[in-house]
Amino acid sequence: MLFNLVNKLDQKLNFSTASAHCDIPCKIYDPISAQIAVLTMIRMVDLLNEINEKSDLTANDQAQFSRLLNQKEDHGNKVKEEIRIIWGDYIKQPQLDKFPELHELTHSIMLATSKAKQHIDKDATLDLLNKVNRFAEIFWLTKGVEIFTAVCPYPPAQTLVYPKLN
Amino acid sequence: MSPRIPDKSYVLLHTWLTIFKPKPGNTLLIKHPKYGDIIKTLAHVDNQGFFWFKGESEQSIAMAEIGPISKSQIIAKAYFTLSANR
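Chains A and B are the protein sequences, given in the same order. Here the first sequence is numbered in our numbering, starting from 430 and rising by one per residue. Here the second sequence is numbered in our numbering, starting from 2 and rising by one per residue.
So here's chain B without its partners, still in its complex pose (with noise of 0.2 Å):
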């Protein structure tokens, strides 16, 4: 997801903090039934009270395709990333 989080990071995530609503800009651990565990940012929080999430390189998959997730997929919250260059 670079430029935030460039590849080989390490990302400090927290768990608990998902029991607060995630707003958008948010950068969240989710699990996807297709990609798996990934982390991507939040761009929007639907009617419906799902999560869209979009990633931040422009190689990124479009939105529709990572499609709506749950509040139940939502692993963690990134706060922290540490990268080589950093």
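For reference, chain A alone in the conformation it holds in the complex (with noise of 0.2 Å):
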């Protein structure tokens, strides 16, 4: 009865209004963005290594050279995205009693980012896949969703942490 008062005082006065909820519920997290990104970047390695072996490069060796190191390096940037979004959205006191390597693993994650885009070293890129794959494990294991592991069906044919959904 009261908020019925004051809501019809609110058509009348107008009320300011607040927002007490800044973000947008949607619940929607999957580490498998941050996979595929840390796939493309291996991907740019080994093009990247190929092109390094040549001996004379063309203009467009040069050009495709600079647009791959382009494509690491956003993928790079997509990595830390997607990873930071789940780990500051989704992780919340739960999932770190039960995981509590969660914090040391994301800024693990952070780091071998850099430095997988700082150089063309396909190992450092191999490195922040397992750190990526145990990510998405843990993601995985606090909804409840058992995984497995397999090799993706294209190239940089590298294993992956996928969930058993069915």
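Hints in this document: simulated from the structure, not taken from any laboratory. By construction, the Cβ of each residue, glycine as well, lies at the ideal position given by its N, Cα and C atoms. Just so you know, not all the hints are guaranteed correct.
[Unchecked claim] To give an idea of the interface, some chain B residues facing chain A are shown, with a C-beta separation under 7 Å as derived from the structure:
#: 1; residue: I6
#: 2; residue: Y11
#: 3; residue: L13
#: 4; residue: L30
Please assemble the complex out of the two chains, which come individually in their own frames, going by the hints.
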């Protein structure tokens, strides 16, 4: 009754409004975007190394080198962004209690991504993939979803952690 | 900021109550550079005197995302909430 009264007053006086919920509660989180971004980085390193093995570089080779490098950089930023969103928005105390390594793992992913961006180094990208796969594994386990590992059926043919959804 | 403030609630606010130093647990209206006027719960005050806020819902954005808030950005203190199901 009091609510209805205030509601009627609001219609007349048009009270100021404030938001109390400043994020869209979409609940759509999936580490696959980060995993695919790492695969892209690995693939870019493979292609960059192919160009690197050539003795003479044409203008096209040089242009391609630049494009591949840009893609590696962009996907490195994507890895960081995707992991940060899951860490910042989805991970809460219950998940931290269950997997206390989460903060350290997330930070190590940030550092490993920087390293993979700074160099054309396959080992650095593979190390990053291991960490992101572990993050994906933890993510699915916190949701009570079993996981399995499989080699992705496309280049760079690396092992990924997938959710067992059937 | 469910469950304390369900959607479409009316919140009675006092601007002058902010002359007192807000305490953790207080629900405050703040002027946020990105999110505009938002109501959040004070989580803690850091050594620099900045205020850190949290939401109360599982879907609320992280405290770090809201960022440090200065005293001048605190507009009012909430002391009564009226929701449709009350």
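Structure-inconsistent hints, enumerated in ascending order | Structure breaks hint 3 only.
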